Every structure is written in structure tokens, then in C-alpha cells.
Amino acid sequence: MRAFSYEKATSAEAAARAAAAHDGARFIAGGTNLLDLMKLEIETPVHLIDVNGTGLDQITETADGGLRIGALVRNTALAADPRVRAGWPVLTRALVAGASGQLRNKATTAGNLLQRTRCPYFYDTAQPCNKRSPGAGCAAQSAGAFSRQLGIIGISDACIATHPSDMAVAMRVLDAVVETVTPEGETRAIPIADFHRLPGDTPEQDSVLRPGEMITAVTLPAPVGGAQAYHKVRDRASYAFALVSVALIRQPDGTGRVALGGVAPKPWRRAEADAELPNGAAAVMARLLDGARPTDENAFKITLAERALAALLAEG
Amino acid sequence: MSTSMHPDIRRHTRTAAAPQGAPDPRRAGGTAVQAAPPKTAVTFTVNGTPRTLTVDNRTTLLDALREHLHLTGTKKGCDHGQCGACTCSVNGARINACLSLAVMHDGDAIETIEGIGTPDALDPMQAAFVKHDGFQCGYCTPGQIQSARAVIDEIRAGIPSHATGDLTAAIEITDAEIRERMSGNICRCGAYANILAAITEVAEDRA
Chain A
1 MRAFSYEKAT SAEAAARAAA AHDGARFIAG GTNLLDLMKL EIETPVHLID
51 VNGTGLDQIT ETADGGLRIG ALVRNTALAA DPRVRAGWPV LTRALVAGAS
101 GQLRNKATTA GNLLQRTRCP YFYDTAQPCN KRSPGAGCAA QSAGAFSRQL
151 GIIGISDACI ATHPSDMAVA MRVLDAVVET VTPEGETRAI PIADFHRLPG
201 DTPEQDSVLR PGEMITAVTL PAPVGGAQAY HKVRDRASYA FALVSVALIR
251 QPDGTGRVAL GGVAPKPWRR AEADAELPNG AAAVMARLLD GARPTDENAF
301 KITLAERALA ALLAEG
Chain B
1001 MSTSMHPDIR RHTRTAAAPQ GAPDPRRAGG TAVQAAPPKT AVTFTVNGTP
1051 RTLTVDNRTT LLDALREHLH LTGTKKGCDH GQCGACTCSV NGARINACLS
1101 LAVMHDGDAI ETIEGIGTPD ALDPMQAAFV KHDGFQCGYC TPGQIQSARA
1151 VIDEIRAGIP SHATGDLTAA IEITDAEIRE RMSGNICRCG AYANILAAIT
1201 EVAEDRA
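Chain order of the listed sequences is A and B. Residues in the first sequence are numbered from 1 upward in steps of one, following my numbering. Residues in the second sequence are numbered from 1001 upward in steps of one, following my numbering.
Just so you know, the hints here were simulated from the structure itself, not pulled from any lab data. Note that the structure is predicted; figures quoted are calculated from it, not measured. Just so it is clear, CB atoms sit at the ideal spot from N, CA and C, and this is done for glycine as well. Accuracy of the hints is not assured; some may be wrong.
Stretch by stretch, here's where chain B covers chain A in the computed footprint (C-beta under 8 Å, at least three residues) [said to hold, decoys possible]:
{"id": "1", "region": "2-9"}
{"id": "2", "region": "27-35"}
{"id": "3", "region": "46-60"}
{"id": "4", "region": "96-102"}
All chains, please: the whole structure from these sequences, using the hints.
Spelled out as C-alpha cells, the structure:
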């Protein structure tokens, strides 16, 4: 791990200002992903800004019947919140499908959104990776590469990594909004649909956050009801990243919303695919995965996604 | 620095070598003089005893416990949050001590395996692991026991898991709940069946 200086911020605004004042600074909250990457020298911040003292650890109700989840609310606390379990149960289901009990106790709402990909070539510093070293190339797309876990849609010639979060898939199907503050003290509200970037030619930028900009909260609109479920398919029964995951909200009349994890650089949802829900899983996936560009190793994800949704629909 | 005590592990060697081998990025001119790695003072309690340390900012809570405070009951397995051998309790919640910086724990109450029982007065979970043979080599055992105690507390507190059925009902202590909640603790010897038996017995005794 490279040496770094360290400070504690007492407000989000102060943290954002401090980040803008230090080249190579990073915010640290739970640290479960950042420290892992710092040990491997994939992340090499020269200055850490500890944001745990900024007071953003509350879940409050909004005027329109929604919830405002502070950036520092731990994954365990969010999953266990009685309001979330009753009104937005797909979020609890997604949270408890991710990581381990120890990690969920530490990992935060904002940090979960900002976690980096688990692409094995991003993690292996002996391999070229455009996300880790822009312009280096993408080992995941070289002949014989192990791409079983990697993305099938929304990807580019520069990068086929997926976003690893389960929580974000539920937030996408719930139309969450990410609130931020900039070093200039301005606030932004970014729909989660627009928060994570597709890689294009610049896969090193995972999100639309600007330098020094800090997430302060994630808001959920008022509950939409319906039957809510999260189905995660993975290589182990627990504590593994998704091959494919499906977040589903289904209304009694058969309409609803679908988002996928494990297939793209961001939680993957399309309005035209939602509209096909009354027509079954095959119709949804024909729209949702139209344009997919899988490798030989991960083409199974197209079939798996359809079957995962079909399994949820069969549960009623 | 503390991590240099493990030269047999590649990542630790790299960690230890970085300050000497890499240019100090805080010195824009790249002068030959190397600044000492930044340090920070931190005070927390460990098993009820106040401890103050001044550590290299890079020191994890795990290395602070093991190398600075010589509490070697908390084990270093993978050092990446994957195995759970370093599990300890901070302010009542179990965490991976390897994925947390010591300097971020100012004012915290930390509990390690050394704080829950002694050979003459075992914690009930320790006694149950002995009774049910819940280990072979024993390396993962402190983390397993710390996690196991927390699992029972988390179920009692109504925290749901991936194995929980109705999210609005009381959570029952079942094999499936315990297995799911213990998935962050790996046992290379494969003592899982006996670990499950030990946890189940303690959970039933506390019921």
C-alpha cells in the first residue's frame, strides 16, 4: 500500500472542498472496497478524507412519502429498516443477497454505489486494463480470456466489466435519485439511471461524479407497491457476485418493472422491456438484452437472465 | 512497519517495500529526500482497556491488534475480507478487521477473542466449539466464534438475511439462517457441520 495522509471531515461540504484541494484524494467511509484495492495498489490515493463524521447516517421520510437514505447508512441498517422492509422490500432483498454479514456492517450506501468492478483483469495488475490504466488495452477481450463473469451489454471495445452491486439494481428498479454536493457547495440530484456511465472510450470513469463531488444521500420515491423480488444467480449459494440478478416489481395487473445485475456496467433497465412484462420473460428479455454482445464464455447469461425472470414470474 | 513481519506473504512484502521504492507523490519535485510515512495517533478501547497508538496511516485494525498490541488471537488469513479469520467486534458489530484502518477507530470499543473468555472460563460459544469439535487446525476459529456470537445477536435483533422468508415476521433460528449468515467465514478444514452444531446449541440455550 502506498503512503497517504489522512484527515477527518465534519461535513459533506468540507469533505468536498478538501477533496478538491488535494490531487489524488479519495473519500473513505466503510473502506471495504477501497482498502482492498489500495493493498493491491490498484487504488493509490495520496490523501484520504474520512467522511464517517459527516453525520450522513440517518434514514428519514421525505414529504412525498419516500425515504432519504444518508450516504453513510450501513448496508445492514438499510436492509433491516422496518420502513424499507415494508415499502421497498426489493431493496432489502438485494442488500442481503450481497457480500457477507461482516462487510454489510461496514459498507455504506454511497460506497456500495461507488464500488469498483470485480473484473479479474482489473484486479490483476500484471494484465492490461483500460479501467485501471487508460489506454493500456483490455485483457478481458484477448484470445482465451476468462470472461464468464463479465458483461454482455452496454459494454465497449475498451471494457466489458460489470458493475458488481446488488443494491444498485434494486435502486434502479425503484427509480432512486443520488444526491451530491460539489466542492463549490452546489447540490445535484442525479437519477440512478444516469449515475453510472457506460464505458465507451473512457472506462476509467465509472460514474458521472465530478472531481471532489460527494454523495450525500440516495432518495427513494414513495412506495409503488406490487410484489417485489430479487433473484440472484451465482456460482455459490452465498457470498459471491452475481452471474445474473433480476429485480422485479410486479403489479396485480401484470405490469411492472425489471432491472438486471451482472450483465452490464450499470444496473440494466429499459422502459420498452418493462412494457413487455405482461407478455412474459422471453418478451421482456428480447427488448432488455437487444444488442447484447456476449463472448463465447458468457453467452449463457442471455438464457440465464430469461430463466431467472421466468422463475420469479412463476412464483406469482 | 508492522506488516514487514510477514516476509513470506507477497502482498505484505510489497506493502512494506512501497515507501522505500516509490517516489513520494507528495513531493512534486521528486527530491531525493524521502518523507516519513504519515502517522496518526488513535485511542480506542480493546476488551475494555483504553489503548493509545501512533501508527502509520496504512495500518489496518488487524495489524494494530496483532503487531502493535500483540493480541494475536485475531488471525490474518486472506487480508482481503474474503475469509473472515480477522472478524472482531467494533461497537457491538462484527467486521473484517483487515479492511479497516486503525486510525478510523478513534473512540471505538473493540472486542477480540481475547476479551470474551479465558481457558478457565470459556465463553459459551467457545465451550460449544470444543464440545462439538467445531475446528480442526483452529486458525479460522477465533473469527468463526466472533462471527457466531454476532449471528445470534443479529437474528435476535431482527436483522434479515438472504435466508429469511417473511421480512415482516420474527426471524427463526434455523440451519439455513445460520449457514447463510456464517458465509463470510471460511474453514479450510471443512468443520462446517460441527460449527453449525455448536452455534445451534448456544442459540437454543439462549432461547
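Hints, one by one, checked against the model:
1. 2-9: holds (count 5)
2. 27-35: As far as the region 27-35 of chain A goes, the hint holds, because 4 residues have Cβ atoms under 8 Å from chain B.
3. 46-60: n = 4 at 8 Å, threshold three: holds.
4. 96-102: holds (count 6)
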